[in-house]
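Quick mapping for you: the protein sequence lines, in order, are chains A, B and C. Residue 1 is where the first sequence starts when you use my numbering, and the numbers rise one by one after that. Residue 83 is where the second sequence starts when you use my numbering, and the numbers rise one by one after that. Residue 248 is where the third sequence starts when you use my numbering, and the numbers rise one by one after that.
Check each hint, because a few of them may be wrong.
[As the list claims (entries may be wrong)] Okay, the calculated beta carbon distance ranges per label pair:
id	chain 1	residue 1	chain 2	residue 2	range
1	C	Arg452	B	Gly142	46 to 52 Å
2	B	Ala240	C	Thr428	28 to 34 Å
3	C	Pro380	B	Asp134	15 to 21 Å
4	C	Glu419	B	Gly142	47 to 53 Å
5	B	Glu147	C	Gln333	49 to 55 Å
6	B	Pro149	C	Thr428	39 to 45 Å
[What the hints assert, rightly or not] Counterexamples of contact, computed for chain A against chain C with all Cβ distances above 10 Å:
id	residue
7	Glu27
8	Asp28
9	Glu30
10	Val32
11	Glu33
12	Thr52
13	Leu59
14	Leu73
15	Ala75
These aren't lab readings, by the way, just hints derived from the structure by calculation. In this text, a Cβ means the ideal position worked out from N, Cα and C, and glycines have one as well.
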Amino acid sequence: MRLDRELTCAQLVELVTDYLEDALSPEDVERVEEHLVFCDGCTNYLEQMRATVAASGRLRTEDVPPELQERLLTAFRDWSRA
Amino acid sequence: MIAYKFLDAGRIAPFTRFQWPENEWVSADRLAPCKAGVHACRVRDLPIWIDDELWEVELGGDVVEYPRKVVASRGRLTRRIDAWTPALADEFAAMLVSHTRRRFGSIPVLSGFVVDIARFRATNRVPIAGFAAARAAELSGGPRAYEHERLRQAAWLAERLAIPA
Amino acid sequence: MQPEDRRVVEALRAGDEAAFMKLMREYGPMMLRVALMYVSTRAVAEEVVQDAWIGVFNGIGRFEARSSLKTWIFRILTNTAKTRAQREGRSIPFSSITSPDGEDGGAVDPERFLGSGERFPGHWGTPPRRWGPDERLLSAEAQGVVDAAIAKLPPAQQAVITMRDVEDLDPEDVCNALDITETNQRVLLHRARSKVRQALEEYMR
Chain A
1 MRLDRELTCA
11 QLVELVTDYL
21 EDALSPEDVE
31 RVEEHLVFCD
41 GCTNYLEQMR
51 ATVAASGRLR
61 TEDVPPELQE
71 RLLTAFRDWS
81 RA
Chain B
83 MIAYKFLDAG
93 RIAPFTRFQW
103 PENEWVSADR
113 LAPCKAGVHA
123 CRVRDLPIWI
133 DDELWEVELG
143 GDVVEYPRKV
153 VASRGRLTRR
163 IDAWTPALAD
173 EFAAMLVSHT
183 RRRFGSIPVL
193 SGFVVDIARF
203 RATNRVPIAG
213 FAAARAAELS
223 GGPRAYEHER
233 LRQAAWLAER
243 LAIPA
Chain C
248 MQPEDRRVVE
258 ALRAGDEAAF
268 MKLMREYGPM
278 MLRVALMYVS
288 TRAVAEEVVQ
298 DAWIGVFNGI
308 GRFEARSSLK
318 TWIFRILTNT
328 AKTRAQREGR
338 SIPFSSITSP
348 DGEDGGAVDP
358 ERFLGSGERF
368 PGHWGTPPRR
378 WGPDERLLSA
388 EAQGVVDAAI
398 AKLPPAQQAV
408 ITMRDVEDLD
418 PEDVCNALDI
428 TETNQRVLLH
438 RARSKVRQAL
448 EEYMR
């Protein structure tokens with residue numbers, strides 16, 4: 001037996017992306033936040049998810065290879081001279 | 083309209099991490115643009131949002147009611163409710179232990195909640211102590227009993243905090 | 248127009264090579280990584296990037312900043328990539344994008360939650376730890392873990408998380424680039440992030 005509005009942790013972890021994307025209705029945002037107040041586990045999970053996004057953001061994409069850089073610079077010169 | 087607001091230590095909003103100024107009007111557009119506005123508790127919502135600091139807040143503009151809070155277009159922290167201290171939070175948790183023990187201490191499945199709540203109190207986890215007491219009530223008497231227990235908790239807090247219920 | 252964008256656009260129009268090189272080093276890596284999602288070989292991806300830059304040059308005179316320069320360049324790149332992919336006979340870059348990618352598992356192993364006989368059913372049995380500002384998250388090792396986790400994702404999830412979280416592109420731009428709805432995008436992002444989080448959690452134990 002469970003209140004309709006109560007979220008379990010198992011449900012909350014499925015809502016985390018929508019919560020971070022501001023895609024939840026105000027009522028569901030309230031249900032999530034109400035749960036976070038008393039649930040250290042879910043609070044930590046949300047923090048871990050934020051840390052994960054931040055870690056992805058720090059990944060360095062490898063530079064454009066030098067030969068391609070040269071070709072692009074040539075193309076730019078050709079264009080700006082025209 | 084007068085309402086209440088729980089904040090993390092240092093007047094920090096727990097979800098937006100916005101730091102509230104004292105006695106200065108804050109309007110919704112100053113906060114993250116995607117948020118709905120200034121969130122606040124009515125007395126009956128107090129047990130739901132327990133946090134380090136409790137403030138009285140004056141709300142202005144449009145006020146929308148939600149199941150467990152109100153949202154206004156602007157708000158101003160007017161005074162800190164000094165009566166809300168870690169000691170009072172612990173008394174609240176102690177009350178929950180003894181109340182739950184009185185009601186459910188001798189009932190097989192529900193008596194387990196008494197142990198849970200005592201453990202939550204011992205580790206300073208006051209909000210979940212409140213939730214657990216309400217859950218125990220709910221398992222015994224359904225969703226209405228959950229609400230009733232939460233209102234009882236709110237009334238206890240209002241009385242100890244000397245705020246009009 | 249953002250002041251920085253305006254400065255760059257004017258410099259390009261004036262033929263400023265240093266400005267171009269800087270812009271190319273800033274967005275080139277992203278363009279190449281994204282092009283590789285659409286076409287089959289690295290050589291073709293490099294051609295796509297080159298063609299896209301030519302598209303940028305040809306359009307820069309008309310660029311009106313209805314969007315940011317980054318978004319505009321990204322759109323030219325993805326349009327170029329899509330056209331090229333079609334020519335190669337790959338009409339949908341990710342066939343799995345709108346059909347279920349074979350996943351019905353949740354974000355977290357269900358074993359970690361309490362069962363229905365418990366006093367708190369569905370609550371954490373083994374709750375996640377607080378990481379806080381842990382230095383290990385900034386380490387090269389952690390980066391390797393994240394990189395590897397992303398590389399193992401099915402193509403559609405990999406595309407979304409790379410565009411959104413690695414390359415910091417806007418949701419709308421990602422939806423247009425992949426021809427998916429906002430809802431599809433969120434589902435894919437959710438699955439991808441869940442797996443990467445799990446990999447990081449194992450590393451952080």
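Each hint tested on the structure:
1. Arg452(C) - Gly142(B): 46 to 52 Å: holds (49 Å)
2. Ala240(B) - Thr428(C): 28 to 34 Å: violated (47 Å)
3. Pro380(C) - Asp134(B): 15 to 21 Å: holds (20 Å)
4. Glu419(C) - Gly142(B): 47 to 53 Å: violated (34 Å)
5. Glu147(B) - Gln333(C): 49 to 55 Å: About 53 Å separates the Cβ atoms of Glu147(B) and Gln333(C), which means 49 to 55 Å holds.
6. Pro149(B) - Thr428(C): 39 to 45 Å: The hinted range 39 to 45 Å is violated for Pro149(B) and Thr428(C), with Cβ atoms some 30 Å apart.
7. Glu27: The assertion about Glu27(A) holds, with a minimum of 18 Å to chain C.
8. Asp28: Asp28(A) clear of chain C: closest Cβ-Cβ about 14 Å, beyond 10 Å.
9. Glu30: Non-interface label on Glu30(A) holds, nearest chain C Cβ at 19 Å vs cutoff 10 Å.
10. Val32: holds (14 Å)
11. Glu33: Its Cβ never comes within 10 Å of chain C, the nearest being 17 Å, so this holds.
12. Thr52: violated (4 Å)
13. Leu59: Non-interface label fails for Leu59(A): nearest chain C Cβ at 5 Å, not farther than 10 Å.
14. Leu73: violated (7 Å)
15. Ala75: Ala75(A) is in fact no farther than 10 Å from some Cβ atom of chain C, at 6 Å.
Violated hints for the displayed structure, listed by number in ascending order: 2, 4, 6, 12, 13, 14, 15.
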